[in-house]
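Asks: Sequence:
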Amino acid sequence: MVRDVTTRLHIFDRAIEVVNPRRSAGFAPQALRSIRFGVQQRLNPRTVAIFSSPAYGLRLVSGGLPMLLRQARAFSNRLPEIVSFNDEFRMRVHGV
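Residue numbering for the sequence shown follows this note's numbering, starting at -8 and increasing by one per position.
Wrong hints could be hidden among the right ones.
As the list claims (entries may be wrong) - Label pairs and their calculated CB-CB ranges:
1) Phe76 to Gly48: 34 to 44 Å
2) Pro57 to His1: 18 to 28 Å
3) Ala46 to Arg5: 33 to 43 Å
In short, the hints are calculated from the structure, not lab data. Even glycine gets a Cβ: it sits at the ideal position worked out from N, Cα and C.
The task is simple: from the sequences and hints, build the whole structure.
Replies: Following this line, the structure appears as structure tokens:
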């Protein structure tokens, strides 16, 4: 778990960017590639519990990051940008 660092959500005119803290120590470049294929890296179980709890009345879809990549590509005809550096995981989803 990464403590004392917040997840940031940036909303731009033509994109949404999520910046999430992560640990660099022991995180191999292959792990970033495996995340694109849906292998979960739950480094912050509290955040996972909040977004997956049925107590909030959310109807959640399954499919993870591979589904998000497909839907984002279908929506804007551009793949989301996913980068991982300086103890951060960044994902930018483009609009039309």
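Asks: Each hint should be assessed against the structure and marked as holding or not.
Replies: Hint by hint, here is what the structure shows:
Taken as a hint, the range 34 to 44 Å holds for the pair Phe76 and Gly48, whose Cβ atoms sit roughly 36 Å apart. For the pair Pro57 and His1, the supplied restraint of 18 to 28 Å holds, since their beta-carbon distance comes to about 23 Å. Ala46 and Arg5 have their C-beta atoms about 34 Å apart, which keeps the hinted 33 to 43 Å range intact.
Of the numbered hints listed earlier, not one is contradicted by the structure.
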